[in-house]
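So you can see what is in the structure, the chains are spelled out below.
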Amino acid sequence: MIIRPNSKTHAIGLLLAATALVTACGPKKLKDLPPPAQGSDYGDNSQNGGAGQVLPGSQEDFVRTVSADRIFFDTDRFNIDPEDQATLQSQAQWLGQYPNVRITVEGHADERGTRDYNLALGERRANAAKNFLSSLGINPARIQTVSYGKERPQAMGSNEQSWAQNRRAVTITIQ
Amino acid sequence: MRYFSPTKYLAVLGLLFSAPMASAQTVPEPAPSDEPELVEFDTAKIRRVAVPVLVAPSPADTTAGNSVNLGRQIADVISSDLRASGLFEPIGPSGLRAISLAEVTAPQYEYWKGRGAEQLIEGFVRVGGDGNLTIGCYLYDVTFGSEVTRLGFVVAPGEWRRAAHKCADAFYSKVTGERPFFDSRIAYIAETGPKGNRMKRLAIMDSDGANHKFITSGTASALTPRYSPNYRSILYLSYSDGNPRIYVYDVASGRQQLITASKNPTFAPRWSPDGQSILYSMAVAGNTDVYKIAVTGGAPVRLTNTPGIDVGGSFSPDGRQIVFESDRGGNQQIYIMNADGSNQRRISFGGGRFATPEWSPRGDLIAFTRIAGDFRVGTMRPDGSGERLLTNSWQDEAPTWAPNGRVIQFFRTEKNSGKTGIWQVDLTGANERKLPTPVDGSDPAWGPVLP
Numbered sequence: 523m524i525i526r527p528n529s530k531t532h533a534i535g536l537l538l539a540a541t542a543l544v545t546a547c548g549p550k551k552l553k554d555l556p557p558p559a560q561g562s563d564y565g566d567n568s569q570n571g572g573a574g575q576v577l578p579g580s581q582e583d584f585v586r587t588v589s590a591d592r593i594f595f596d597t598d599r600f601n602i603d604p605e606d607q608a609t610l611q612s613q614a615q616w617l618g619q620y621p622n623v624r625i626t627v628e629g630h631a632d633e634r635g636t637r638d639y640n641l642a643l644g645e646r647r648a649n650a651a652k653n654f655l656s657s658l659g660i661n662p663a664r665i666q667t668v669s670y671g672k673e674r675p676q677a678m679g680s681n682e683q684s685w686a687q688n689r690r691a692v693t694i695t696i697q
Numbered sequence: 059m060r061y062f063s064p065t066k067y068l069a070v071l072g073l074l075f076s077a078p079m080a081s082a083q084t085v086p087e088p089a090p091s092d093e094p095e096l097v098e099f100d101t102a103k104i105r106r107v108a109v110p111v112l113v114a115p116s117p118a119d120t121t122a123g124n125s126v127n128l129g130r131q132i133a134d135v136i137s138s139d140l141r142a143s144g145l146f147e148p149i150g151p152s153g154l155r156a157i158s159l160a161e162v163t164a165p166q167y168e169y170w171k172g173r174g175a176e177q178l179i180e181g182f183v184r185v186g187g188d189g190n191l192t193i194g195c196y197l198y199d200v201t202f203g204s205e206v207t208r209l210g211f212v213v214a215p216g217e218w219r220r221a222a223h224k225c226a227d228a229f230y231s232k233v234t235g236e237r238p239f240f241d242s243r244i245a246y247i248a249e250t251g252p253k254g255n256r257m258k259r260l261a262i263m264d265s266d267g268a269n270h271k272f273i274t275s276g277t278a279s280a281l282t283p284r285y286s287p288n289y290r291s292i293l294y295l296s297y298s299d300g301n302p303r304i305y306v307y308d309v310a311s312g313r314q315q316l317i318t319a320s321k322n323p324t325f326a327p328r329w330s331p332d333g334q335s336i337l338y339s340m341a342v343a344g345n346t347d348v349y350k351i352a353v354t355g356g357a358p359v360r361l362t363n364t365p366g367i368d369v370g371g372s373f374s375p376d377g378r379q380i381v382f383e384s385d386r387g388g389n390q391q392i393y394i395m396n397a398d399g400s401n402q403r404r405i406s407f408g409g410g411r412f413a414t415p416e417w418s419p420r421g422d423l424i425a426f427t428r429i430a431g432d433f434r435v436g437t438m439r440p441d442g443s444g445e446r447l448l449t450n451s452w453q454d455e456a457p458t459w460a461p462n463g464r465v466i467q468f469f470r471t472e473k474n475s476g477k478t479g480i481w482q483v484d485l486t487g488a489n490e491r492k493l494p495t496p497v498d499g500s501d502p503a504w505g506p507v508l509p
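Each protein sequence line maps, in turn, to chains X and Z.
Per this note's numbering: the first sequence = residues 523 to 697.
Per this note's numbering: the second sequence = residues 59 to 509.
Isolated chain X (complex conformation) (with noise of 0.2 Å):
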C-alpha cells in the first residue's frame, strides 16, 4: 500500500483516494501537495498502487500539479501564446523539482490537413513546446519529441470544437 506524503492515516488516505475518484473527471486539480521528501520510500514503484494515491514524480502527479498536461493552437499555427506560456511554466515548476523524470512532448495537428504536412506541423508544435520549455531552464536532453500528425486524435468529431482540441502538443513523463 503507497501512503500519500500527507495523509496522516490509513482511513483519511482511503478518504482522499474517494475524493479523487469523485473529482477526477473535472478540472479540478490538487495543488496542495507538498513537495516530496528528497529520498523517501513511497513503497513499490507501481502507477497504480490504489485509485487517487499518487507517487510523486509520477505521470499521474505531473497531470495533477501542473496546470494543464497540454497546450493548444490555431489552424496551422505553432506559436506559444500567453496561456500556453502559463502552462509551460507550470509544467517546468514540477520538472524542476524532479530533476530526474524525463519527458516525451506529442505534437498533433487535426484532420483537416494533409497527412505528410500534418507530421510536419506535428514537430513544429512539439518543437515549439520544448524550446519554450528549455528556455524556463529545462535540459533540452530530458526533452524528446515525437510528431502524430492527425493520426491520434483526441475529440472525434468533424468540427471546430474538435479540431481546437486537437491542435495540441502533450507532455508526458516517460517512466
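Don't take each hint at face value.
[Stated by the list, open to error] When the alpha-carbon atoms are kept at most 16 Å apart in a straight line, the in silico EDC-like pairs for lysine to aspartate or glutamate are as follows: (1) 492/Z to 264/Z; (2) 477/Z to 673/X; (3) 103/Z to 147/Z; (4) 232/Z to 176/Z; (5) 271/Z to 299/Z; (6) 350/Z to 332/Z; (7) 473/Z to 682/X; (8) 253/Z to 596/X; (9) 350/Z to 398/Z.
[Said to hold, decoys possible] Residues of chain X placed beyond 10 Å of chain Z at every Cβ, according to the derived structure: (10) 578; (11) 608; (12) 623; (13) 663; (14) 695.
Since the hints were derived computationally from the structure, they do not count as laboratory data.
Cβ coordinates follow ideal geometry from the N, Cα and C atoms, glycine included.
On the provided structure of chain X, position chain Z as indicated by the hints.
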C-alpha cells in the same frame, strides 16, 4: 509471364481454322506525347464491347481451378477492367452465348452486330503439359468487320488475372490510343478500428483490388507507402521504433531497413523514376526540409532550406525536376525545383492551400489536393496553368497516378466517422468509383505497368 504469337502457337499445335490467319501482331505502345497537353477522353462515345467466355477447348484442371471456369473468370476480369475505365460498356460474359473454338479466329460479325456490340473480344484457354496456361486473346472491330489485334500469353495458373489484364490493356490501348494501365499494382494503408485508435497496416493489391495482401501486422502504425518502379521494394513510414521513420521493405525477403541512420523523424518518401534515389522529408529541431539520398545509401543531399515546412515531392518523369509543397509563403502551396534543389519557384496561385503534388507519369500534369474548406483532388499543368478540380467531397486527399497518366486514385475520408476508402476518377472528373478493399483504405500509391 511469357508472350507468344497466337498464330505461331496455333500453327505449331497443328490446329486448323477455316478462316485464313492474319499475321501475328504485337501491341505497340503509343509514343508518349512530348508536348504538355490536356488530352480529353471522348467520354461521350462509350464503346459497347462484347466479351464472351473464353473457350476452353480441352477442359482440364489446374492449380487455379478448371480451365472452363478460368475462361469465364478471365472474361469477367476483362469486362470489369473495361467497365471501370469508364470508356467502355462491356456486354457479357454473363448473358452471352458460348462461342466455339473456330469462332475465336472467325468471328460472327453479323451476330455481334445484332447484339449491339461495336467491338468484340474473344479468346481461348488451354492447359499445357507443364501445367501452365496458354491464353489467346483476339480483338475485333465488329462495325468494320476486321481484326484489331491478337496476342497470347503463357502463364502459371495462379497468374491468370495478369493475362486478363494484359488482354484488357491491349484492347484499351488500341481503341483509345492511350498507354495501358490495368496490369499494375497498388500499395496502400489498410485501416481498421475506431477513429481515435486506428490500426494502420501496409498492404498491396492489384489495380482492381484483387490479390490483396497485408504486409505489416499493425502493431506499429504504417503510413504513406510507395512502390519502387520495379515493384521489388516499398518505401513507407512506420512508427515501429516509436518515431516516424522511413523504411524500405524488400518484397521478396520481407526484410526492411531504415533509409538513413539519422535519428531525426523522416517521412513523405518518394522514388525517383529510375528507382536509384529516394526523396524524403526530414524534421530537424522542428523544421522540415526535403532531402535526397541514393538507394544504396551514402550522404543525403538537402534540397530545400527555408524556415517553412518543405515537404513531399515528386519527380518529373525525366527525373530533372521535383514538384513539392511548402508553406514558406505563409500557407501550403506547390513549388517546383530542379533535381539539385536549384531554381525553386511557386506554381500554384489559385484560391486556398495546395498540397500533395504528384507529377503525372506522362509529364503533362501535376495532381494535387486543394484545401479550401473541403479537400478536393485536381490537376494543373507544370507551369501552374489549367487548374481543374476533379472531385467534390468533404475530404479527398493524396492523388496517385495510373501508370498511363489518365486515371487518378486518391483516398476519401468521411466526416465524423473518419472512415476511409480508396477512390478512382479519370482526368475529366468522370467515372468516379470506390475500389473494393477488404477494410478501409488510405494513402494509395500506384505502381507502373508490369512487364
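To see whether the hints hold, each was checked on the structure:
As the CA atoms of residue 492/Z and residue 264/Z are separated by approximately 14 Å, the hinted pair is consistent with the 16 Å bound. For the given pair, residue 477/Z sits about 13 Å from residue 673/X by alpha-carbon distance, which is consistent with the 16 Å threshold. Note on residue 103/Z and residue 147/Z: the hinted pairing holds, with a Cα-Cα distance of about 10 Å set against a maximum of 16 Å. Between residue 232/Z and residue 176/Z the alpha-carbon distance is near 14 Å, which keeps this suggested pair within the 16 Å criterion.
At roughly 24 Å between alpha-carbon atoms, residue 271/Z and residue 299/Z are farther apart than 16 Å, so this suggested pair is violated. For the proposed pair residue 350/Z and residue 332/Z, the alpha carbon gap of about 14 Å is at most 16 Å, so the pair holds. For the hint linking residue 473/Z to residue 682/X, the alpha-carbon distance of about 12 Å falls within 16 Å, and the restraint holds. A threshold of 16 Å between alpha carbons decides the hint, and for residue 253/Z with residue 596/X the separation of about 22 Å lies outside it, so the pair is violated.
As the CA atoms of residue 350/Z and residue 398/Z are separated by approximately 9 Å, the hinted pair is consistent with the 16 Å bound. Distance check for residue 578/X against chain Z: the nearest CB is about 26 Å away, which clears 10 Å, and the non-interface claim stands. Under the 10 Å C-beta cut-off, the non-interface status given to residue 608/X relative to chain Z holds; the minimum distance is some 22 Å. Every C-beta of chain Z lies more than 10 Å from that of residue 623/X, the closest at about 18 Å, which supports listing it as non-interface.
Separation of residue 663/X from chain Z is adequate, the least Cβ-Cβ distance of about 13 Å exceeding the 10 Å criterion. No beta-carbon of chain Z comes within 10 Å of the beta-carbon of residue 695/X; the shortest separation is about 15 Å.
Against the hints set out earlier in the document, violations occur for numbers 5, 8.
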